[in-house]
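Input sequences plus hints: build the corresponding full structure.
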Amino acid sequence: MYVETFNSPPWNDEWTIETASKRLYQMINCEGFYGLIAYKEEMVVGMILGSEEQFFNGLMFNIKEFCIKNEMRNNGIGTILLKEFENRLKNRGVTEIILFTSREDGTEGFYNN
1 MYVETFNSPP WNDEWTIETA SKRLYQMINC EGFYGLIAYK EEMVVGMILG
51 SEEQFFNGLM FNIKEFCIKN EMRNNGIGTI LLKEFENRLK NRGVTEIILF
101 TSREDGTEGF YNN
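The UniProt record's numbering puts the sequence shown at residues 1 to 113.
These aren't lab readings, by the way, just hints derived from the structure by calculation. Since the structure is predicted, the reported quantities are computational estimates derived from the model, not experimental observations. Accuracy of the hints is not assured; some may be wrong.
Unchecked claim - Using 30 angstroms as the maximum straight-line C-alpha spacing, the simulated DSS-like pairs for lysine-lysine come out as follows: (1) K40 - K83; (2) K40 - K90; (3) K64 - K90; (4) K22 - K64; (5) K90 - K22; (6) K83 - K64; (7) K69 - K83; (8) K69 - K22; (9) K40 - K22; (10) K69 - K90; (11) K83 - K22; (12) K40 - K64; (13) K69 - K40.
Written out as structure tokens, the structure reads:
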């Protein structure tokens, strides 16, 4: 799902199974890693991955990847996944969530809702 999603618009990246596997392995094995996967009928349809980082004023969470399977977009899955993730992070003591996105790729509007 990762390769298919990020190699499609609006990102148009050039991931391979090998490079995506390495990136995901690095994230999963990072101290403070946490993630949430969305399933529909046993198929992965979305995910949010990142890691906790301690700052002087609290525990921050840096979202490194957030995606929804191409054909499942605009069905509310991303909104549900993000809200559930925010609740779980709050329960873990996270005080701030950080997510970088690009204005050029058309994804910024989702996060402004």
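Tested hints:
1. K40 - K83: With a Cα-Cα distance of about 17 angstroms, the restraint between K40 and K83 holds, given a limit of 30 angstroms.
2. K40 - K90: 25 angstroms, holds
3. K64 - K90: Holds - the C-alpha atoms of K90 and K64 are around 18 angstroms apart, at most 30 angstroms.
4. K22 - K64: Within the cut-off at roughly 14 angstroms; holds.
5. K90 - K22: Answer holds: K90 to K22 is near 29 angstroms, not above 30 angstroms.
6. K83 - K64: Within the cut-off at roughly 16 angstroms; holds.
7. K69 - K83: Answer holds: K69 to K83 is near 18 angstroms, not above 30 angstroms.
8. K69 - K22: The hint holds at about 20 angstroms.
9. K40 - K22: Holds, because 25 angstroms separates the two Cα atoms, which is no more than 30 angstroms.
10. K69 - K90: With Cα atoms ~26 angstroms apart, K69 and K90 stay inside 30 angstroms; holds.
11. K83 - K22: 28 angstroms, holds
12. K40 - K64: 23 angstroms, holds
13. K69 - K40: 11 angstroms, holds
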